[in-house]
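Enquirer: Chains as they are written, first to last, in this note's numbering: chain A, 1 to 326; chain B, 1 to 326.
Hints listed in this document are in silico derivations from the structure and should not be mistaken for laboratory results. Where hints are given, some of them may not hold.
A pair holds if it fits inside one copy or across any two, identical chains being indistinguishable in the list.
What the hints assert, rightly or not - Here are the computed lysine to aspartate or glutamate pairs in the DMTMM-like style, where the Cα-Cα straight-line distance is at most 20 Å:
#, residue 1, residue 2
1, K216, E267
2, K136, D296
3, K216, D129
Number of protein chains: 2
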Amino acid sequence: MKYLWLYIVLLVVPGLALADPLPSWRDGASKTAIVDFVEAVTEVGGADYRTPGERIAVFDNDGTLWSEQPAYFQLLFAVDRVAEMAKADASIAKSPALKAAAAGDFPALLATGVKGLLEVVAVAHSGIDVAAYQAKVALWLEETRHKKTGKRYHKMVYQPMLELLSYLRDSGFKTYIVSGGGVHFMRVFAEEAYGVPPEQVIGSTGEASYKVIDGKPVIMKEPGIAFLDDKQGKPIAIDRVIGLRPILAGGNSDGDLHMLQWTTAGEGRRLGLLVHHTDAEREWAYDRKSHIGKLDKALDMAKADNWSVIDMKADWRVVFPYDLAE
Amino acid sequence: MKYLWLYIVLLVVPGLALADPLPSWRDGASKTAIVDFVEAVTEVGGADYRTPGERIAVFDNDGTLWSEQPAYFQLLFAVDRVAEMAKADASIAKSPALKAAAAGDFPALLATGVKGLLEVVAVAHSGIDVAAYQAKVALWLEETRHKKTGKRYHKMVYQPMLELLSYLRDSGFKTYIVSGGGVHFMRVFAEEAYGVPPEQVIGSTGEASYKVIDGKPVIMKEPGIAFLDDKQGKPIAIDRVIGLRPILAGGNSDGDLHMLQWTTAGEGRRLGLLVHHTDAEREWAYDRKSHIGKLDKALDMAKADNWSVIDMKADWRVVFPYDLAE
Numbered sequence: 001m002k003y004l005w006l007y008i009v010l011l012v013v014p015g016l017a018l019a020d021p022l023p024s025w026r027d028g029a030s031k032t033a034i035v036d037f038v039e040a041v042t043e044v045g046g047a048d049y050r051t052p053g054e055r056i057a058v059f060d061n062d063g064t065l066w067s068e069q070p071a072y073f074q075l076l077f078a079v080d081r082v083a084e085m086a087k088a089d090a091s092i093a094k095s096p097a098l099k100a101a102a103a104g105d106f107p108a109l110l111a112t113g114v115k116g117l118l119e120v121v122a123v124a125h126s127g128i129d130v131a132a133y134q135a136k137v138a139l140w141l142e143e144t145r146h147k148k149t150g151k152r153y154h155k156m157v158y159q160p161m162l163e164l165l166s167y168l169r170d171s172g173f174k175t176y177i178v179s180g181g182g183v184h185f186m187r188v189f190a191e192e193a194y195g196v197p198p199e200q201v202i203g204s205t206g207e208a209s210y211k212v213i214d215g216k217p218v219i220m221k222e223p224g225i226a227f228l229d230d231k232q233g234k235p236i237a238i239d240r241v242i243g244l245r246p247i248l249a250g251g252n253s254d255g256d257l258h259m260l261q262w263t264t265a266g267e268g269r270r271l272g273l274l275v276h277h278t279d280a281e282r283e284w285a286y287d288r289k290s291h292i293g294k295l296d297k298a299l300d301m302a303k304a305d306n307w308s309v310i311d312m313k314a315d316w317r318v319v320f321p322y323d324l325a326e
Numbered sequence: 001m002k003y004l005w006l007y008i009v010l011l012v013v014p015g016l017a018l019a020d021p022l023p024s025w026r027d028g029a030s031k032t033a034i035v036d037f038v039e040a041v042t043e044v045g046g047a048d049y050r051t052p053g054e055r056i057a058v059f060d061n062d063g064t065l066w067s068e069q070p071a072y073f074q075l076l077f078a079v080d081r082v083a084e085m086a087k088a089d090a091s092i093a094k095s096p097a098l099k100a101a102a103a104g105d106f107p108a109l110l111a112t113g114v115k116g117l118l119e120v121v122a123v124a125h126s127g128i129d130v131a132a133y134q135a136k137v138a139l140w141l142e143e144t145r146h147k148k149t150g151k152r153y154h155k156m157v158y159q160p161m162l163e164l165l166s167y168l169r170d171s172g173f174k175t176y177i178v179s180g181g182g183v184h185f186m187r188v189f190a191e192e193a194y195g196v197p198p199e200q201v202i203g204s205t206g207e208a209s210y211k212v213i214d215g216k217p218v219i220m221k222e223p224g225i226a227f228l229d230d231k232q233g234k235p236i237a238i239d240r241v242i243g244l245r246p247i248l249a250g251g252n253s254d255g256d257l258h259m260l261q262w263t264t265a266g267e268g269r270r271l272g273l274l275v276h277h278t279d280a281e282r283e284w285a286y287d288r289k290s291h292i293g294k295l296d297k298a299l300d301m302a303k304a305d306n307w308s309v310i311d312m313k314a315d316w317r318v319v320f321p322y323d324l325a326e
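With these hints in hand, go ahead and build the complete structure from the sequences.
Expert: Okay, structure coming up:
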């Protein structure tokens with residue numbers, strides 16, 4: 001029985017392939033749309049077959065792969081960091097927005113509008129080299145807990161989406177993140193949390209400079225936004241970085257509308273997915289009128305463009321990985 | 001003899017591995033430096049071992065992977081395209097630089113300086129969507145011949161560098177292009193010529209817009225440079241797109257200096273390669289005083305920073321793939 005292991009492998013491997021790749025998804029239209037799509041594009045000789053090189057899937061991050069309430073988690077980091085900076089040097093809190101952030105006064109900060117928020121983000125994300133910045137993000141993720149759930153932010157990722165990412169990769173897809181979040185911020189946890197390596201994380205970028213300090217080269221994060229990876233910016237970033245049109249796109253807000261439109265308007269079979277936050281009990285419920293992750297026009301377009309709307313409450317057996325263990 | 005195939009595989013595979021992966025390279029310091037480096041970082045358990053995820057190699061394109069004389073090939077394309085555009089609409093030739101390009105008068109164009117050249121590049125690379133632009137580049141590459149060699153431009157790639165790219169990929173590396181050339185331009189031929197897929201081509205980018213024309217979304221190329229991937233821009237682009245510091249960098253000019261510095265200043269074993277154009281007979285000979293691909297400061301730094309300088313004339317048995325067949 002020298003080759004017994006071989007027979008075992010031959011018996012077990014097809015069994016694994018037949019097991020449900022999406023156990024946290026309830027049977028229904030969303031799950032069917034996903035499985036049908038993946039089977040169609042991977043069926044060698046089928047009408048919808050795509051080579052592995054063409055199997056590009058792109059996903060928004062905030063509200064699509066992890067939660068985004070009560071505010072984008074990166075914004076919460078920025079506020080905490082400005083507060084920390086202001087402790088060391090109170091003079092940085094020189095505007096209403098920075099003063100509010102330094103005091104941890106979120107309502108006052110929101111009252112300063114988008115301009116104020118961008119100012120806080122700029123200060124929190126500049127004057128530091130990339131490696132030192134990412135060490136600060138890693139420490140913050142480790143030490144900070146979400147006020148509602150009591151969990152670390154990077155544990156508040158969606159179990160069904162983790163299964164979807166794995167299922168796609170097991171089916172020969174490359175899975176990219178294409179998010180309005182900062183690329184340096186997301187890379188700190190994307191590989192561990194999602195299995196997405198640094199070069200498959202696309203995000204907003206700040207200005208940067210290359211400097212040699214004491215003989216050691218560093219990439220410094222500078223004030224100012226170089227590229228905002230949101231709305232029309234998403235297909236533009238996909239074109240610049242990936243250079244191929246994806247065949248699957250997933251998002252949850254009007255900021256993802258153009259990415260889904262760009263993806264699903266291509267020739268051949270395509271899949272657009274919209275995560276609809278319908279679960280006030282296990283997560284949050286919000287859409288057309290939310291100040292974060294507003295889902296309005298994209299929800300209207302979903303029907304005409306045949307995108308699958310994922311009803312979080314109805315379609316997902318569990319929301320977070322830690323719910324599985326409980 | 002049911003398992004004969006297995007023994008054949010076991011016998012043949014190590015034989016393939018032992019064959020010279022760089023047959024177009026003459027024995028010498030450059031080849032030794034490359035082979036020693038690759039063996040060191042791939043030796044499991046060795047002091048210099050790197051995981052496949054860390055095996056990132058970046059290469060400049062113009063003058064490093066293909067020729068760049070008498071001028072960057074993309075500039076020659078831009079001049080031809082402006083001439084074509086001016087035939088259809090003479091009013092576009094409204095500046096001395098555009099007039100010179102429209103007339104195919106290269107000396108007059110060069111006399112307009114960098115500003116004039118950028119103007120020609122901007123006009124040639126805008127007002128068209130990405131897919132239509134790339135179709136034009138593909139046609140131009142097919143139809144145009146280099147004045148000195150009589151060959152198609154994308155056939156004027158360096159055989160020894162093709163072998164190096166393959167050797168690295170066979171050794172678990174990801175091979176990236178990081179070039180001052182336009183990302184849309186290079187992607188037209190990079191996969192066929194170098195085996196480098198679209199998402200591993202990093203280059204300069206122009207402004208772009210996302211538009212829906214007659215219900216069909218397109219990415220339009222707009223005037224203006226969004227990012228110049230040269231000098232300090234190269235490590236910045238590597239950080240933004242790849243998010244990891246490469247362990248091998250290859251270039252040929254002062255424009256690559258910062259990329260080589262950034263790569264080789266990292267911890268652990270690193271390799272910097274500089275292609276030195278020393279072969280006036282088979283290719284071109286130029287360095288410190290060249291108007292294209294000036295190699296001056298980087299040549300001085302090579303010794304101190306322990307970069308390998310590749311002497312094209314001495315180190316390469318053949319330069320171009322078509323020399324092999326002749």
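Enquirer: When no copy is specified for K216 and D129, does a C-alpha distance of 20 Å or less occur within a copy, between copies, both, or neither?
Expert: Answer is within; shortest intra-copy Cα gap is 12 Å, inter-copy 42 Å.
Enquirer: Checking K136 and D296: alpha-carbon separation at most 20 Å within a copy, between copies, both or neither?
Expert: neither (35 Å within a copy, 39 Å between copies)
Enquirer: Using 20 Å as the alpha-carbon threshold, which applies to K216 and E267: within, between, both, or neither?
Expert: Close across copies (11 Å), not inside one copy (48 Å); limit 20 Å.
Hint 2 from the list above is the single one not met by this structure.
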